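Asker: Can you build the whole structure from these sequences, using the hints too?
Chains as they are written, first to last, in our numbering: chain R, 1 to 92; chain Y, 1 to 487.
Treat the hints as calculated values from the structure; they're not laboratory data.
The structure displayed is predicted, hence computed values, not measured ones.
Among the clues, some could well be false.
Stated by the list, open to error - If you only want the chain R side, here are some residues facing chain Y, beta carbon under 10 Å, derived:
id, residue
1, 9
2, 13
3, 26
4, 30
5, 59
6, 86
We put the CB at the ideal spot given by N, CA and C, even for glycine.
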Amino acid sequence: MSLPPGTLFLLASALLFAIGAHGLVTCRHLLRKVLALNVAMTGVFLLLVTLGRSGTTVDPVPHAMVLTGIVVALSTTAVALGLIVRLERRRP
Amino acid sequence: MVLPPTAMLVVTLLTLPLATATLLFASGRQPRTLTLAAALLSTCAALALGLNVHLEGVSVHAIGGWEAPLGIHWQVTVPGAVMLLATAMVGLAGAVYGAGYFVHRPGPEGRMARVFMPLWLFAWGGLNALFVAADLFNLYVALEVLTLASVALVALSARRTALQAAMRYLLAALFGSVIYLLGVALLYGQYGILDLDGLTSKLDPKHPGSRAGAVALTIGLLTKAAIFPLHFWLPGAHGRAEPPVSALLSGLVVAAAFYLLLRLWFGPLAGLLTFGVGTLFGAIGAGALLWGGVLALMQRRLKMMVAYSTVSQFGFAMLVFPLALAADREPVVTGGTLLLANHALAKAALFLAAGSLVRASGSDRIDRLVGFTGSSRWAWIAVILAAAALIGVPPTLGFSAKWLLLQVAVAEGAWWWLGAMLGGTLLTFAYLGRLLERALLAPAPAPHPPKLKIALLLPALLLALLACVMGLWAFDVETFARLEPGP
Numbered sequence: 001m002s003l004p005p006g007t008l009f010l011l012a013s014a015l016l017f018a019i020g021a022h023g024l025v026t027c028r029h030l031l032r033k034v035l036a037l038n039v040a041m042t043g044v045f046l047l048l049v050t051l052g053r054s055g056t057t058v059d060p061v062p063h064a065m066v067l068t069g070i071v072v073a074l075s076t077t078a079v080a081l082g083l084i085v086r087l088e089r090r091r092p
Numbered sequence: 001m002v003l004p005p006t007a008m009l010v011v012t013l014l015t016l017p018l019a020t021a022t023l024l025f026a027s028g029r030q031p032r033t034l035t036l037a038a039a040l041l042s043t044c045a046a047l048a049l050g051l052n053v054h055l056e057g058v059s060v061h062a063i064g065g066w067e068a069p070l071g072i073h074w075q076v077t078v079p080g081a082v083m084l085l086a087t088a089m090v091g092l093a094g095a096v097y098g099a100g101y102f103v104h105r106p107g108p109e110g111r112m113a114r115v116f117m118p119l120w121l122f123a124w125g126g127l128n129a130l131f132v133a134a135d136l137f138n139l140y141v142a143l144e145v146l147t148l149a150s151v152a153l154v155a156l157s158a159r160r161t162a163l164q165a166a167m168r169y170l171l172a173a174l175f176g177s178v179i180y181l182l183g184v185a186l187l188y189g190q191y192g193i194l195d196l197d198g199l200t201s202k203l204d205p206k207h208p209g210s211r212a213g214a215v216a217l218t219i220g221l222l223t224k225a226a227i228f229p230l231h232f233w234l235p236g237a238h239g240r241a242e243p244p245v246s247a248l249l250s251g252l253v254v255a256a257a258f259y260l261l262l263r264l265w266f267g268p269l270a271g272l273l274t275f276g277v278g279t280l281f282g283a284i285g286a287g288a289l290l291w292g293g294v295l296a297l298m299q300r301r302l303k304m305m306v307a308y309s310t311v312s313q314f315g316f317a318m319l320v321f322p323l324a325l326a327a328d329r330e331p332v333v334t335g336g337t338l339l340l341a342n343h344a345l346a347k348a349a350l351f352l353a354a355g356s357l358v359r360a361s362g363s364d365r366i367d368r369l370v371g372f373t374g375s376s377r378w379a380w381i382a383v384i385l386a387a388a389a390l391i392g393v394p395p396t397l398g399f400s401a402k403w404l405l406l407q408v409a410v411a412e413g414a415w416w417w418l419g420a421m422l423g424g425t426l427l428t429f430a431y432l433g434r435l436l437e438r439a440l441l442a443p444a445p446a447p448h449p450p451k452l453k454i455a456l457l458l459p460a461l462l463l464a465l466l467a468c469v470m471g472l473w474a475f476d477v478e479t480f481a482r483l484e485p486g487p
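Answerer: Spelled out as structure tokens, the structure:
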């Protein structure tokens, strides 16, 4: 049995997204929620990169998007961690 | 290369707030004249751009001369220009209000005053970028800039409840972003294009990939726009933030996500707007009107009431979709845009005035608010004017918007949606009327309410007045605001 190219990556990205979405809803600890968001985000990045290489040539646009996306994810994670720290400091 | 004047204006609108904000953060000092000058200049640029769109119509700018699909281009549409103008008005009013509200002093108490203005300008720049962006990924980046600035603004108030609200807001907004980006990936995988106009001509409504992409984009934006039942994060974040922050968040940040929803469903996704989808959106809208309205009616705290009112008012906006099913879409889109602009001005005025009243009363319980006395009188006048605009009393902007949509509903015989609009208006009248009745007829005894600074009164008053008088001009807008989402 031969799968079309990229199937494995597509499945992996769907799995990552599902794990992330599940974690975001079910985890109670804020740190875990932030991690879950990052996992889901990685799933989307993997999807983008996979779509970029489906042809014989590599499409550079999804790579540029993922690069920007990683920067955005880094900044949002930093803000989320900062907020968690401040929340912990103010725990009554 | 010499840029055309409109391109210069767009560049100014994007770079001026962001560059000033960065500079302020880096220097650690906030000279009030500099921040207010930046706010004033951004407002002037928005006014000039609005005038240009009014005279010459839609304009498109390819950044650095790179054309789509590889390059990025900015597009100033009529609805976009209306939102840019609303942003400028609320932005300027909030900047003046913030300068009066946050007291500069050394130490932790002065932190709010030091951080407010840079964050405010970041959010302003993000909004401007969102209203001129014309491709799916740029819109994503603009949404993220806006989200980060907004969350930081909510967390400005260092109370634990505000921090918790900020955290919940951040998680909801990021969840929305991830799903939105998933939709972008699905559509890009299908069509290899991000540009909205290109996507409009290429999108095949029958393809399952387009549907999956549309669902993902929509869920992401509905979360960010806090549309019922995904509104769970809004009341806390908007009700517990500082007043100028609530004004920006409620007036513009949720409206920006909704604007994007309009832009997509009346642009690339227009072929997917079937009877079922339109009816679902309408049902969500009716649910939001009812749920938000009833909860607003039950609130005891002023700012929470105004926050729930936002949930209900966006129900009105959702009714735009079922109304667009049969009719000519132009008046519907114009009505929807005017509705957003009216809500931006009126809701910002309401939050600013509420902040002043809470400060004068020393409590935000509705039954403890000061009455119609002293300087609080002016805040109450702003509340009354803003309430008139939200209810849609002629000749306010709210009236023009609702009138346009009502005409469409009558012409189509869409009695269900007509009923929802009238019911929603009645509920709006009920909760705003309750506020005015409680406070004006049975005011709490306050022997010496503190005198309010003019910076805490004038911005709210002017915004509310603008929402009221713009209705007269809006009938003229109706004739010129032919939505042209590009060729």
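Asker: Evaluate each hint against the coordinates.
Answerer: Here is how each hint holds up against the structure:
At its closest, the beta carbon of residue 9 of chain R sits 12 Å from a beta carbon of chain Y; the interface hint therefore is violated under the 10 Å criterion. Interface restraint check: residue 13 of chain R against chain Y, minimum CB-CB distance 9 Å, threshold 10 Å, status holds. A least Cβ separation of about 13 Å between residue 26 of chain R and chain Y goes past the 10 Å threshold, and the interface hint is therefore violated. With its C-beta approaching chain Y no nearer than about 7 Å, residue 30 of chain R sits inside the 10 Å limit, and its interface hint holds.
At a threshold of 10 Å, the smallest CB-CB gap from residue 59 of chain R to chain Y is about 7 Å, leaving the interface hint in force. Interface restraint check for residue 86 of chain R: the shortest CB-CB distance to chain Y comes to about 6 Å, inside 10 Å, so the restraint holds.
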